[in-house]
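Participant: For reference, the chains in residue letters:
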Amino acid sequence: GAVVSQHPSWVICKSGTSVKIECRSLDFQATTMFWYRQFPKQSLMLMATSNEGSKATYEQGVEKDKFLINHASLTLSTLTVTSAHPEDSSFYICSAPTVTGELFFGEGSRLTVL
Amino acid sequence: DAKTTQPPSMDCAEGRAANLPCNHSTISGNEYVYWYRQIHSQGPQYIIHGLKNNETNEMASLIITEDRKSSTLILPHATLRDTAVYYCIVRVAGGNAGNMLTFGGGTRLMVKP
Numbered sequence: 002g003a004v005v006s007q008h009p010s011w012v013i014c015k016s017g018t019s020v021k022i023e024c025r026s027l028d029f030q031a032t033t034m035f036w037y038r039q040f041p042k043q044s045l046m047l048m049a050t051s052n053e054g055s056k057a058t059y060e061q062g063v064e065k066d067k068f069l070i071n072h073a074s075l076t077l078s079t080l081t082v083t084s085a086h087p088e089d090s091s092f093y094i095c096s097a098p099t100v101t102g103e104l105f106f107g108e109g110s111r112l113t114v115l
Numbered sequence: 003d004a005k006t007t008q009p010p011s012m013d014c015a016e017g018r019a020a021n022l023p024c025n026h027s028t029i030s031g032n033e034y035v036y037w038y039r040q041i042h043s044q045g046p047q048y049i050i051h052g053l054k055n056n057e058t059n060e061m062a063s064l065i066i067t068e069d070r071k072s073s074t075l076i077l078p079h080a081t082l083r084d085t086a087v088y089y090c091i092v093r094v095a096g097g098n099a100g101n102m103l104t105f106g107g108g109t110r111l112m113v114k115p
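Chains A and B, in that order, give the protein sequences. In this text, residue positions in the first sequence follow our numbering: the first is 2, and each later residue adds one. In this text, residue positions in the second sequence follow our numbering: the first is 3, and each later residue adds one.
Looking at chain A on its own, in the form it has when it is part of the complex:
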């Protein structure tokens, strides 16, 4: 199947710093990508939809100024957690649909904010 890759797979940062997570579709183009957050023992929660060449759309309750999304090309979307705090510690996952509508997920990025 198609491959979606995230980087970094884990990151530890100090409170107040910003962290960028990349999501790449390696063998297909994706005009749309999705970002999820998952807390321990919970299911995935959709945060936002990243749209190539336009603004991302955010789910209710997700602060767009806190979680900056940039979809600069057809194969790359980035999520930047700005001024991270310990409560932002979570497992962040992206996904991208192929042209046939199948959805593939990245490996996930575990963020720990100290």
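Since the hints were derived computationally from the structure, they do not count as laboratory data. Computed from a prediction, not measured in an experiment: that's the story for all the values here. Take these hints with a grain of salt, some might be off.
Here are the simulated distance ranges between beta carbons [as the list claims (entries may be wrong)]: (1) N56(B) / S84(A): 28 to 34 Å; (2) S74(A) / T58(B): 34 to 40 Å; (3) N52(A) / H79(B): 40 to 46 Å; (4) P115(B) / S44(A): 23 to 29 Å.
Computed footprint of chain B on chain A, listed as stretches where at least three residues anywhere in the stretch have a Cβ under 8 Å from a Cβ of chain B [claimed, not checked]: (5) 43 to 51; (6) 72 to 78.
Pairs of lysine-lysine residues, derived as DSS-like cross-links and limited to a Cα-Cα distance of at most 30 Å, are as follows [as the list claims (entries may be wrong)]: (7) K65(A) / K114(B); (8) K5(B) / K56(A); (9) K5(B) / K42(A); (10) K21(A) / K65(A); (11) K42(A) / K114(B); (12) K21(A) / K67(A); (13) K42(A) / K67(A); (14) K54(B) / K65(A); (15) K54(B) / K5(B).
Beta carbons are placed, not taken as given, at the ideal position from N, Cα and C, and that holds for glycine.
Model the placement of chain B on the given structure of chain A, informed by the hints.
Facilitator: Using the frame of chain A, we list chain B on its own:
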């Protein structure tokens, strides 16, 4: 996307078939049934999907009832590596619109030796 209901957890003996049920009584005619699984600390992995016919691939079989209100994912010979959370999702397939997935709680399958 339609809501699904799955048992929170199941156990299965290694080498035996694992049958994971899913109820989706409000599924609409153009919605497919998708199954994904998530092994601890990894992203979800696609397993199989179907519309109304039963489907089989190298990973699993999907049995969908005639009224499409429920389905069963079958892992024919479960191994320890199949221990994961299995998510049943219904959604419209194709195109970018409507590709958003709503994840329920899933079923935590524990394969035991």
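Participant: Taking 8 Å as the C-beta cutoff, is the stated coverage of the stretch 72 to 78 of chain A by chain B satisfied by three or more residues?
Facilitator: It is violated: at least three residues are needed, and the stretch 72 to 78 of chain A offers just 0 whose Cβ sits closer than 8 Å to chain B.
Participant: Could you say whether the range 23 to 29 Å given as a hint is met by the Cβ separation of P115(B) and S44(A)?
Facilitator: holds, 28 Å
Participant: Taking 28 to 34 Å as the stated bounds, is the beta-carbon spacing between N56(B) and S84(A) within them?
Facilitator: violated, 51 Å
Participant: Between K5(B) and K42(A), is the straight-line Cα distance small enough, at 30 Å or below?
Facilitator: Given pair K5(B), K42(A) holds - Cα atoms ~20 Å apart, limit 30 Å.
Participant: Is K42(A) close enough to K114(B), meaning Cα to Cα at most 30 Å?
Facilitator: This hinted pair holds, its Cα atoms lying about 20 Å apart.
Participant: Could you grab the alpha-carbon distance between K54(B) and K5(B) and see if it respects the 30 Å cut-off?
Facilitator: holds, 17 Å
Participant: Take a quick look at whether K5(B) and K56(A) sit within 30 Å of each other, Cα to Cα.
Facilitator: Holds, because 28 Å separates the two Cα atoms, which is no more than 30 Å.
Participant: For the stretch 43 to 51 of chain A, count the residues whose Cβ lies under 8 Å from any Cβ of chain B; is that count three or more?
Facilitator: Three-residue rule met by the stretch 43 to 51 of chain A, so holds; n is 5.
Participant: Would the pair K54(B) and K65(A) pass a check requiring their Cα atoms to be no farther apart than 30 Å?
Facilitator: Since the Cα atoms of K54(B) and K65(A) sit roughly 39 Å apart, the hinted pair is violated (cutoff 30 Å).
Participant: Given the hint that K21(A) pairs with K67(A), test it: the Cα-Cα distance must not exceed 30 Å.
Facilitator: holds, 12 Å
Participant: Compare the distance between the alpha carbons of K21(A) and K65(A) with 30 Å, and conclude whether the hinted pair is satisfied.
Facilitator: Satisfied, since the Cα-Cα distance of roughly 14 Å is no more than 30 Å.
Participant: Given the proposed pairing of K65(A) with K114(B), does the C-alpha separation stay at or below 30 Å?
Facilitator: violated, 43 Å
Checked against the numbered hints listed earlier, the structure breaks hints 1, 6, 7 and 14; every other hint is satisfied.
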